[in-house]
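Undergrad: Let chain A serve as the given structure and place chain B on it in line with the hints.
There are 2 protein chains.
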Amino acid sequence: MSEKRKVCLEDHEMPKFWYNIVADMPNPPHPVLHPGTGKPVTPDDLTPLFPMGVIEQEVSAERHIEIPREVRDILKLWRPSPLFRARGLEKLLDTPAHIYFKNEGVSPAGSHKPNTAVPQAFYNKIAGVKRIATETGAGQWGSSMCFAGTLFGLEVKVYMVRVSYDQKPYRRMMMETWGGAVVPSPSPDTEAGRAVLARDPESMGSLGLAISEAVEDAVSREDTRYALGSVLNHVCLHQTVIGQEAMLQMERFDEFPDVVIGCHGGGSNFSGIAFPFLGDKIRNKTNVRLVAVEPFSCPTLTRGSFAFDYGDTAHLSPIVKMYTLGASFMPPGIHAGGLRYHGAAPLVSQLLNEGFIEARSVHQLESFEAAVQFARTEGIIPAPESSHAIRAAIDEALEAKKEGKKRVILFNLSGHGHFDMTSYEKYFAGQLANYVLPEAEIEKALQELPKVDL
Amino acid sequence: MSEKRKVCLEDHEMPKFWYNIVADMPNPPHPVLHPGTGKPVTPDDLTPLFPMGVIEQEVSAERHIEIPREVRDILKLWRPSPLFRARGLEKLLDTPAHIYFKNEGVSPAGSHKPNTAVPQAFYNKIAGVKRIATETGAGQWGSSMCFAGTLFGLEVKVYMVRVSYDQKPYRRMMMETWGGAVVPSPSPDTEAGRAVLARDPESMGSLGLAISEAVEDAVSREDTRYALGSVLNHVCLHQTVIGQEAMLQMERFDEFPDVVIGCHGGGSNFSGIAFPFLGDKIRNKTNVRLVAVEPFSCPTLTRGSFAFDYGDTAHLSPIVKMYTLGASFMPPGIHAGGLRYHGAAPLVSQLLNEGFIEARSVHQLESFEAAVQFARTEGIIPAPESSHAIRAAIDEALEAKKEGKKRVILFNLSGHGHFDMTSYEKYFAGQLANYVLPEAEIEKALQELPKVDL
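Sequence lines, in order, name chains A and B. By the numbering used here, the letter at position 183 of the first sequence is numbered 183, and the numbering carries on one by one without gaps. By the numbering used here, the letter at position 122 of the second sequence is numbered 122, and the numbering carries on one by one without gaps.
You can trust all of the hints, since none of them are fake.
It does not matter which identical chain is used: a pair holds within one copy or between any two.
Dumping the calculated DSS-like pairs for lysine-lysine here, alpha-carbon to alpha-carbon at most 30 Å:
1. K91 - K130
2. K426 - K130
3. K76 - K16
4. K281 - K321
It is worth saying that the hints were derived from the structure and are not from the lab.
Just chain A, same shape as in the assembly (with noise of 0.2 Å):
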């Protein structure tokens, strides 16, 4: 009898709502604040962000909120996605757990960054919009976001971090392919970026300022609106497609997870496989355990302290709670672009701060061994980021062999590496290395937090 490998969905049977985990939170979130004022923002300061539907989810506490049509017949260009049991990965470890990933990079962009990209560009379109500004870390989300534009016939100019310009060519080819404009981030083309620029021409940018460059963009520009491909709550809603179809995937499987994992960067990975799940964990005591995963060179959720403060390293973007190192912290450049951002989604803050999800970090040569582990034996080549995901899911898979038990696990495997090989090469000539921050270094970027009166 020939095995199960996988389950993969029909179109009418992708989800028709996103999930919202406010909704199951017992705590409301933070209020989100002004970065010129120090107070709660109102809706009509994102206006010059963000166009009006996008607004509107962002401050929603309804459990379900509808996908439009439109956004739903451009999301089955890839989804559902399919979700597998990784059995040559269980043979190699010789486990008695059972390992599942769902399969993000089946996606036109490689991720499930364009989950969020597609509706973003649909209200922006829908409002009239006729640019996008965004930046990009790893590639992964400017790619989506010109994927995107290109179908609502939209331009987009992406600021993407210079480290990963440079290393990631391809990348670049493949968001002008799709009708985008890209700049390496510090760039000569704003306030924010040209600062950078005189104090260090060589800096490899980060995340944080990446941001502030594209946010300078959009507000100067009446035709021009900001996205942004992680951290927020429309954006971590935007990717519960993928725990809802997940659910449903797992339940054809006749199993249910003892834990979920997903990488994290900014967090919206993680909250699109958690966050379904978590929501049933509250409302019906299930048992699952929610982990996130982050780069040990870059340890927002492990060592960040829980605070307000700003998104960007320019200040130009709102104060939120969240796990954070300092808006100002440059992290090392490690091959996981998407995961070297200072802060955290918010959402994901608050529910590691009240002990319902976990935190764990992985050294970058951990996760590039179960890289080439996993695409020995499953065939598909994992992103980096990724690669911490499937670094956790072997070391629970370890455990259980320990203990003699069974355990399911399920990660999300959130991008393919095409765009990563040189990262690959490096690694097997021994280019890379672990990094560990110094205490002093965070200590210092913390003393940068905004001081904010309630």
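TA: For chain B alone, coordinates are given in the frame of chain A:
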């Protein structure tokens, strides 16, 4: 009402048998001749090259050949592949045609090639072979063989056509991530390679030459066999999972194609989508047209001769009757590296010669124009090879528009273009050109055809 965009199938709906077109051909295939004696080869002649499981399939006339369970278990890592209706492209073209495509780019290696790499690795494994030598043009086949090799614990050595080796470093790194050993061809590792390097150290190489190197490697080592990614009967056979799935998926869309299109290099991709439809046409008298599309710069089917010829430049491989531009033909370095072969699958050749299928050629620039239209409406960035099929599909859709009549078009998207982004960059920069092969060059190559006395 939300539109149906695609049909996926579940694991258990994957075909359990390969379909062999030989069973439905009115005339038997021409004999395969020994390159040394010019006499028909026996299975024993082929044992230095292939394991017996493969040889049996090469000469089989049975209509249905069972796919081993171990092979199906691996194919399910990505199969069944989804079939899409290209609604975005239809809208752009404003055509009454319905355009469908099968997406073979969802495999871990990114193309249809693993469909045959996996069974070839399996039959070698059960025959006790330890190592496989093979060649690759665009890198799709080499990647696929490395992918399949690692899953079955086989070493893989890949001779990669120099022009692709230089243009596609990421493809090499991908093969290495799967544990393969890759050298540019011509290489100093074989007699065939050294001979060409002596004449022309800057040689860009060709698929014909790389085949010579891999064959020489295989026959010179007891533990090694050869694997070919196209042309031969067993390769075309393994690809028929594509067309069989597509027939079922078109049924689920309640449509039947008027025309089925595949790009053509060695013939395996075209065979995969076309042969199940052609067998059905022969048995049940349908009206479907089958169209193979090749580059204008390497016009094997449209300007070559139907003759006995060698499959490789060094005359080590068997002589087969096929459309050919001559085994010494060196095609220009167009970016669709997978379509740079002097010959064609004997089965495709015979079926073309007997009027069962059609062939046409398209220019490089027109294929890239089609690729960008496709990427900006359907999201997926196609491989340059696949773009030839897209071009032909668009032309069919525009003809339908001119006629004002519906036409149901199905093409095979053989792979994605994630490792071809530099080609797109050159296209956008105006650095690509069309190329028309001079008649004199074709005549010259054909003067070298072997004399065959049957």
